[in-house]
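When you get a sec, could you build the whole thing from the sequences and use the hints?
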Amino acid sequence: MALYLAQFLTGLAGAASLFLVASGLSIIFGVTRVVNFAHGAFYMVGAYVAYTLTERFEGAIGFWGGIVLSVLVVAALGGLVEILLLRRIYHAPDLFQLLATFGLTLMAEDLVVIIWGPEDLVGPRAPGLKGAVEVLGQAVPSYDLVLIALGPLVLGALWLLFHRTRFGILVRAATQDRDMVAALGVNQKWLFTAVFCLGVGLAALGGALQIPRDAVNHAMDLTVIVEAFVVVVIGGLGSVGGAFLASLLVAELNAFGILVLPGVSLVLVFVVMAVVLVLRPNGLLGRAEAPARGTGQMSSRPWRPLDAKAQFIALVAVAVAALLPLWLGPYGLAVGAEMLIFALFAMSLQFLMSTGGLASFGHAAYFGLGAYGAALAVKSLGWPMIPALGCGVMLGLAGAALFGWFCVRLAGVYFAMLTLAFAQIAWSAAFQWTAVTGGDNGLLGSWPDAWAASPRAFYWLSLAVAVGGIGALRILTFSPFGYGLRAVRDSSLRAEAIGIGRRHTQWVCFIVAGGFAALAGGLFAFLKGSVFPDALGIPTSVDGLVMVLLGGVGTVSGSVLGAVVYKALSVWLISQTDYSKLVLGAAIVGLVVLFPSGIGGFFSAWAGRRRVSTRATAAAPVEAAE
Amino acid sequence: MNQSLLRVESLAKSYHGVPAVRGVSFTLERGEILALIGPNGAGKSTCFNMLNGQIRPNAGTILFEGQDVTASSPRSMWRRGVGRTFQITATFTSMTVRENLQTALLSHAGQLSRPFGKANRAFEVEADALLDRVGLRGQADRSCGELAYGDLKRLELAVALTNSPSLLLMDEPTAGMAPKERADLMRATAAIARERNVGILFTEHDMDIVFEHADRVMVLNRGELIAMGAPDVVRQDRQVRAIYLGEGLVHGDLAAAQVRH
Numbered sequence: 001m002a003l004y005l006a007q008f009l010t011g012l013a014g015a016a017s018l019f020l021v022a023s024g025l026s027i028i029f030g031v032t033r034v035v036n037f038a039h040g041a042f043y044m045v046g047a048y049v050a051y052t053l054t055e056r057f058e059g060a061i062g063f064w065g066g067i068v069l070s071v072l073v074v075a076a077l078g079g080l081v082e083i084l085l086l087r088r089i090y091h092a093p094d095l096f097q098l099l100a101t102f103g104l105t106l107m108a109e110d111l112v113v114i115i116w117g118p119e120d121l122v123g124p125r126a127p128g129l130k131g132a133v134e135v136l137g138q139a140v141p142s143y144d145l146v147l148i149a150l151g152p153l154v155l156g157a158l159w160l161l162f163h164r165t166r167f168g169i170l171v172r173a174a175t176q177d178r179d180m181v182a183a184l185g186v187n188q189k190w191l192f193t194a195v196f197c198l199g200v201g202l203a204a205l206g207g208a209l210q211i212p213r214d215a216v217n218h219a220m221d222l223t224v225i226v227e228a229f230v231v232v233v234i235g236g237l238g239s240v241g242g243a244f245l246a247s248l249l250v251a252e253l254n255a256f257g258i259l260v261l262p263g264v265s266l267v268l269v270f271v272v273m274a275v276v277l278v279l280r281p282n283g284l285l286g287r288a289e290a291p292a293r294g295t296g297q298m299s300s301r302p303w304r305p306l307d308a309k310a311q312f313i314a315l316v317a318v319a320v321a322a323l324l325p326l327w328l329g330p331y332g333l334a335v336g337a338e339m340l341i342f343a344l345f346a347m348s349l350q351f352l353m354s355t356g357g358l359a360s361f362g363h364a365a366y367f368g369l370g371a372y373g374a375a376l377a378v379k380s381l382g383w384p385m386i387p388a389l390g391c392g393v394m395l396g397l398a399g400a401a402l403f404g405w406f407c408v409r410l411a412g413v414y415f416a417m418l419t420l421a422f423a424q425i426a427w428s429a430a431f432q433w434t435a436v437t438g439g440d441n442g443l444l445g446s447w448p449d450a451w452a453a454s455p456r457a458f459y460w461l462s463l464a465v466a467v468g469g470i471g472a473l474r475i476l477t478f479s480p481f482g483y484g485l486r487a488v489r490d491s492s493l494r495a496e497a498i499g500i501g502r503r504h505t506q507w508v509c510f511i512v513a514g515g516f517a518a519l520a521g522g523l524f525a526f527l528k529g530s531v532f533p534d535a536l537g538i539p540t541s542v543d544g545l546v547m548v549l550l551g552g553v554g555t556v557s558g559s560v561l562g563a564v565v566y567k568a569l570s571v572w573l574i575s576q577t578d579y580s581k582l583v584l585g586a587a588i589v590g591l592v593v594l595f596p597s598g599i600g601g602f603f604s605a606w607a608g609r610r611r612v613s614t615r616a617t618a619a620a621p622v623e624a625a626e
Numbered sequence: 001m002n003q004s005l006l007r008v009e010s011l012a013k014s015y016h017g018v019p020a021v022r023g024v025s026f027t028l029e030r031g032e033i034l035a036l037i038g039p040n041g042a043g044k045s046t047c048f049n050m051l052n053g054q055i056r057p058n059a060g061t062i063l064f065e066g067q068d069v070t071a072s073s074p075r076s077m078w079r080r081g082v083g084r085t086f087q088i089t090a091t092f093t094s095m096t097v098r099e100n101l102q103t104a105l106l107s108h109a110g111q112l113s114r115p116f117g118k119a120n121r122a123f124e125v126e127a128d129a130l131l132d133r134v135g136l137r138g139q140a141d142r143s144c145g146e147l148a149y150g151d152l153k154r155l156e157l158a159v160a161l162t163n164s165p166s167l168l169l170m171d172e173p174t175a176g177m178a179p180k181e182r183a184d185l186m187r188a189t190a191a192i193a194r195e196r197n198v199g200i201l202f203t204e205h206d207m208d209i210v211f212e213h214a215d216r217v218m219v220l221n222r223g224e225l226i227a228m229g230a231p232d233v234v235r236q237d238r239q240v241r242a243i244y245l246g247e248g249l250v251h252g253d254l255a256a257a258q259v260r261h
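First to last, the protein sequences are chains S and A.
Reminder that position 545 of the first sequence reads as 545 in UniProt numbering, one-by-one numbering, no gaps.
Reminder that position 249 of the second sequence reads as 249 in UniProt numbering, one-by-one numbering, no gaps.
Bear in mind the hints are in silico, worked out from the structure with no lab data behind them.
Each hint should be verified, as a subset may be incorrect.
[What the hints assert, rightly or not] Some chain A residues well away from chain S (every beta-carbon gap over 10 Å; in silico):
no.: 1; residue: Gly17
no.: 2; residue: Glu65
no.: 3; residue: Asp68
no.: 4; residue: Thr70
no.: 5; residue: Ala90
no.: 6; residue: Phe92
no.: 7; residue: Glu99
no.: 8; residue: Pro115
no.: 9; residue: Ala122
no.: 10; residue: Gln139
no.: 11; residue: Cys144
no.: 12; residue: Arg182
no.: 13; residue: Ala188
no.: 14; residue: Ile226
no.: 15; residue: Asp237
[Said to hold, decoys possible] Only some residues are given here: those of chain A computed to face chain S with a beta carbon under 7 Å:
no.: 16; residue: Arg75
no.: 17; residue: Gln111
no.: 18; residue: Ser143
no.: 19; residue: Ser166
Built from N, CA and C at the ideal position, the CB exists for glycine as well.
Right, dumping it as structure tokens:
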């Protein structure tokens, strides 16, 4: 009993930091509609800065003063980021800000290593709070008790800020309807900057307060950002009270999960999130998002199948790719095959995002299921490669059918978060179900059949599959089914009124995208000869998102270009520099600022302008004849 | 007994205990144009959304061609032959004008699950015929996102006609259009009603349009029908004048009755 109480108190203490981070994320999203992926990075930087400052200054004033100072420093840094970067891209397509903040996160991970070194840093204990208090015979660190008290204090302070100050009222108004707030003459620019500073400051406080409890390290950003996303979604986007409740729930689940259900502890939080989202689609205390004004952000020029010239260019590109083995060695061919596999993976995500309008944060689940399905068929059943690939695709389709059935009940960020939850569940299964998946050690020995074993043969196989898959998805996009999907995406109201069922159409889209991702995953298992849980991990999902956004979410298949550029860049950078994340992150941020509609979007806009100008000159005589 | 196209009996709906529509009953015949008017907040849109299956009524029945369709989904209403336009236009902004119609025609033909073949080559003739009908043929290849508001309204009408409906529900079909455009659109609509024997129910704030084109007019106020009948009869109704049309209205001076938003 006493053990449970101590564990409960540990959970409460963990909830405090989580609440700080999550409430900041929630406030920023509520007002600016930016999914701030860099929030975890600010949390991490907060911890590092606080480490330095509290080491420098002694005593109680030094410790607490150092923490406050680090919050101010990081908040100012956040303001700088908002002014220099985010302001330029608020009007870019949805999720583009996610890409930019993801770039920032990559940069931050390398920057902290450069500044503070790669070792874990253990910060000073809080002066006067180094001991423990005995509760029912169990020692509870007194610093934990301070944290437990701090959570409700911050919640109260935020409540006062939002309900008793002019700034807070503006923030709440903007959360509900920012166009109206702008129409009333409020300077949105500075409101957004202030909100971003506030949110980042809360994240930094969460990080700084952790230093007496945990070692500071350069991977703490990813752990916390995923948990903060989960908390925000369970609590309801934009709801600070909801974030408080949800952080208690998540922290206690973490604390007791290890005690009660160690086998599935990793997955527990995500199962709870999935259940909450299915039962309460807007989170515990969230309200339905107000419908966006005006037409959708996707009202680009209508898509067209490739014209003769573009078909020719595509054909030349495929021919050049097919001839590459004449020059490339085994390493180059392996990299080439990986690019092709990821081009197919990215294209399957693009079909879901661009044609279906469903931005998934967990598309790696189906990539990974395909990889595990194929590897298991080879290892356990002794199947040859092609049937094994089929087995992988079937597993991916089955997973997408099951998870998708729940996901298409939601929309927008909630949809994205539920896909993330399911991907994490799949990842946890791969990680913890050691008997079948080998857990952390992965599955080894999934090599291709003899006919495809040489690097050249496997490269050509990958090329054939990728070109076939990408072509099939393009045909699907321009088929009646693709139009049905776009109809649902553009206006589900109108779609239902002309007999198109939203859920069913989107569910089929989800399954199709999952199937093609699984095909890519299966090939990946044969390329590497092994599968590890990473294949279903968040970084893989994020890689897919980056490729799509880089290629242009408003295009049909710009992601192919995005995948090639992104893979080439990351492979090349890893071979060139120790700080590949820093350069890659900076490159992503630069690309976001230079090409706010993606690389593919930029080229198709450029081609579109040329087409319009040639058409205008060609049309002039016709008009004269009429 | 002669079976009405649409028979609505004591339809009611309340939101969080606040009644929006209370016991509305009426019938609509084939080829008839029936106008539903009333002040803002009278419950017109709620009525429409119940007829189209978008909102579930609390009480009452809706019979369409003699069959009980109360609380059927918008999809099944469309399959039964009900076309609808929205007060705030709902179109597929990433498509061209013609593709909007092609999508609807494909859906009507049950071909929207076909995973191959080019959708923008399907039903071109039918789509262009409908565009001719509403005067949008010249804009067929333009992106729907760049159309003027009046043209979007026309497109809405064309889309609503793709399933050859026997009943058209039009929620403020001419709102936001220039006066001449309004008259043109309503003339085209009326012609469709006569030629194809389509029953039309529409709401409108432009009293010129209402009294010129409607065969019958019903007036909704605070969720209740307070008058129904031929335009001339409704126009003279004291209660209607007090609540909606205004006392300043004299015979032949209809322009003054335009409701200011």
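Hint numbers contradicted by this structure:
5, 6, 7, 8, 9, 11, 19
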